[in-house]
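Visitor: Using the sequences plus the hints, can you model the full thing?
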Amino acid sequence: MSPDSKVDNGIAPHVPVVVDANVAHEAAAATEAERNMGLIKSLKLYKKACLWSVFLSLCIIMEGFDVVLLNNLFAYPPFQRKFGVEQPDGTYQLTAAWQSGLSNGTLCGQILGLFINGIIADRFGYHKTLIGALIGCIGFIFIIFFSETLVQLLIGEIFIGIPWGVFQTLTTTYASEVCPTHLRAYLTTYVNLCWVLGQFIASGVLRAMVTRDDQWGYKIPFALQWMWPVPLIIGIYLAPESPWWLVRKGRIEEAKISLQRLTARNTESEFKPDETISMMIHTNEMEKEAQAGTSYFDLFKGNSLRRTEIVCCTWMVQTLCGATFMGYSTYFYQMAGMAVENSFSMSLGQYAIGAVGTVFSWFLMGWFGRRTLYLWGQIAMCIHRCVLLYNSCML
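Per our numbering, the sequence shown starts with residue 340, numbered consecutively.
Simulated from the structure, these hints should not be mistaken for laboratory data.
Glycine residues also receive a C-beta, built at the ideal position from the N, C-alpha and C atoms.
Hints are supplied without guarantee of correctness; some may be wrong.
[Unchecked claim] Label pairs and their computed distance ranges (CB to CB):
id, residue 1, residue 2, range
1, Val490, Lys383, 51 to 59 Å
2, Gln491, Trp555, 17 to 25 Å
3, Ser643, Arg420, 50 to 58 Å
4, Glu425, Lys588, 54 to 62 Å
5, Phe664, Glu628, 41 to 49 Å
6, Leu727, Arg646, 31 to 39 Å
7, Lys611, Leu714, 38 to 46 Å
8, Glu680, Lys611, 57 to 65 Å
9, Met704, Gly478, 33 to 41 Å
10, Phe485, Met704, 40 to 48 Å
11, Ile450, Gly641, 27 to 35 Å
[Claimed, not checked] No farther apart than 16 Å at their CA atoms in a straight line, the calculated lysine to aspartate or glutamate pairs in the EDC-like style are these:
id, residue 1, residue 2
12, Lys595, Glu365
13, Lys558, Glu487
14, Lys383, Glu609
15, Lys380, Glu609
16, Lys611, Glu365
17, Lys588, Glu626
18, Lys595, Asp613
19, Lys627, Asp637
20, Lys627, Asp461
21, Lys611, Glu592
22, Lys588, Glu624
23, Lys421, Asp552
24, Lys588, Asp461
25, Lys421, Glu487
26, Lys595, Glu614
27, Lys421, Asp553
28, Lys611, Glu371
Guide: So this is what it looks like as structure tokens:
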């Protein structure tokens, strides 16, 4: 939900929007005030919301840690000896089928989690959904930690993928709902930084454990996954619920209390919580009216078709740019002849560069806009891939 949502007359021209005149007036005032607030004033007023959003996004650091862990273990000698097949040269490797199976098993769980999340979060709220997913993580990590066969490991990866799918959307949704438009781009982009930080930490842990030659070399990293859920559960329990979700459920007084917990007092801005709540009510009513008499088929008609194309292509970019293969980088480095220690060090550098790139995007978005960054970023990446392919063929 966003305060600048509008009714698409091409979708529901037959449905009138009826809202109390006072609510509409306050909604317009709140929208105008938010638009004119500016970045610095928004940060001062919504600094609590920013901190809570940053905290909830730690779920993504946990997920980034967990996701990259398995793929990096494919290049880890103790893990290879436990689950791999002996090669003619005496080394051990997981078969390509099992590498793909384990990774795709996690993805299947994430897809299931994404679908389940939409139903559960709308009914029970963000708090209960996130806490339930974290409790699920605690249990599913037991399966992974005590796995003795690839089948057991696959089952654990499928199950733990379900809460990961929940984290992927809820953290971003929470960030976009509790913060004003001037801060939204930074906090939703911060979610990507959390991905990279989690991957960086996991690579660092494996780099530190690379000297161990027993089963604890990979079991300790698995066990470290348990350090995330309990602190996150406590923090999420104390965090304010999204006022947008409370408004959608008709719990207006609770939404006001939540909004007051998310904003600072005694700031330069003449902030009026009642007007902001009226804006949420007004937007919610408009969106309900716009949805009346429509179906999913309307996403592929009229103006909505272009919106659907833009949204789908935007999300596809994150996969088509090669991010899926990034987790295999340590394994690829070893296959190219790099030593085990150096391959993990290279992965550390790779994720560090990713973190720097995310921070740079905060400044570049204001100068060039999102579309320009997407377009030229893809062009630069395409050139880079072509150069990489050419050099690989010349070896």
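Visitor: All the hints need checking, so say for each whether the structure fits it.
Guide: Tested hints:
A hinted range of 51 to 59 Å holds for the C-beta pair valine 490 and lysine 383, which are about 54 Å apart. Checked against the given bound of 17 to 25 Å, the beta carbons of glutamine 491 and tryptophan 555, roughly 18 Å apart, stay inside it. Hint check: serine 643 to arginine 420, Cβ distance near 54 Å, so the stated range 50 to 58 Å holds. The hinted range of 54 to 62 Å is satisfied by glutamate 425 and lysine 588, whose Cβ atoms lie roughly 58 Å apart.
Restraint check, phenylalanine 664 to glutamate 628: a C-beta distance of roughly 45 Å satisfies the suggested window 41 to 49 Å. Look at leucine 727 against arginine 646: about 34 Å separates their beta carbons, and that is inside 31 to 39 Å. Checked against the hint of 38 to 46 Å, the C-beta distance between lysine 611 and leucine 714 comes to roughly 40 Å, which is consistent with it. Separated by about 59 Å at the C-beta atoms, glutamate 680 and lysine 611 satisfy the suggested range of 57 to 65 Å.
At roughly 39 Å, the beta carbons of methionine 704 and glycine 478 sit within the given window of 33 to 41 Å. At about 45 Å, the beta-carbon gap between phenylalanine 485 and methionine 704 stays in the expected band of 40 to 48 Å. A hinted range of 27 to 35 Å for the beta carbons of isoleucine 450 and glycine 641 is consistent with their spacing of about 29 Å. Restraint check for lysine 595 and glutamate 365: the C-alpha separation of about 14 Å stays at or below 16 Å, so the hint holds.
Taking the CA atoms of lysine 558 and glutamate 487, the gap is about 11 Å. The hint holds against a cut of 16 Å. The hinted pair formed by lysine 383 and glutamate 609 meets the criterion: a straight-line CA distance of about 12 Å does not exceed 16 Å. A threshold of 16 Å between alpha carbons decides the hint, and for lysine 380 with glutamate 609 the separation of about 11 Å falls inside it, so the pair holds. Under the criterion of a C-alpha separation no larger than 16 Å, the hint pairing lysine 611 with glutamate 365 is consistent with the structure, at around 9 Å.
Taken as a hint, the lysine 588 and glutamate 626 pair is honoured in the structure, with Cα atoms around 14 Å apart against an allowance of 16 Å. Our distance criterion of 16 Å between C-alpha atoms is met by lysine 595 and aspartate 613, whose separation comes to about 7 Å. With a C-alpha separation of about 15 Å, the suggested pair lysine 627 and aspartate 637 falls inside the 16 Å cut-off, and the hint holds. Restraint check for lysine 627 and aspartate 461: the C-alpha separation of about 14 Å stays at or below 16 Å, so the hint holds.
The hinted pair formed by lysine 611 and glutamate 592 meets the criterion: a straight-line CA distance of about 14 Å does not exceed 16 Å. Straight-line distance between C-alpha atoms of lysine 588 and glutamate 624 comes to about 12 Å, which keeps the hinted pair within the 16 Å bound. Restraint check for lysine 421 and aspartate 552: satisfied, since their Cα atoms lie roughly 11 Å apart, inside the 16 Å limit. Annotation: proposed proximity of lysine 588 to aspartate 461 holds, straight-line Cα distance about 9 Å (limit 16 Å).
With a CA separation close to 8 Å, the supplied pair lysine 421 and glutamate 487 stays within the 16 Å bound. Restraint check for lysine 595 and glutamate 614: satisfied, since their Cα atoms lie roughly 10 Å apart, inside the 16 Å limit. A threshold of 16 Å between alpha carbons decides the hint, and for lysine 421 with aspartate 553 the separation of about 10 Å falls inside it, so the pair holds. Between lysine 611 and glutamate 371 the alpha-carbon distance is near 12 Å, which keeps this suggested pair within the 16 Å criterion.
This entry satisfies every hint, going by the numbered hints stated previously.
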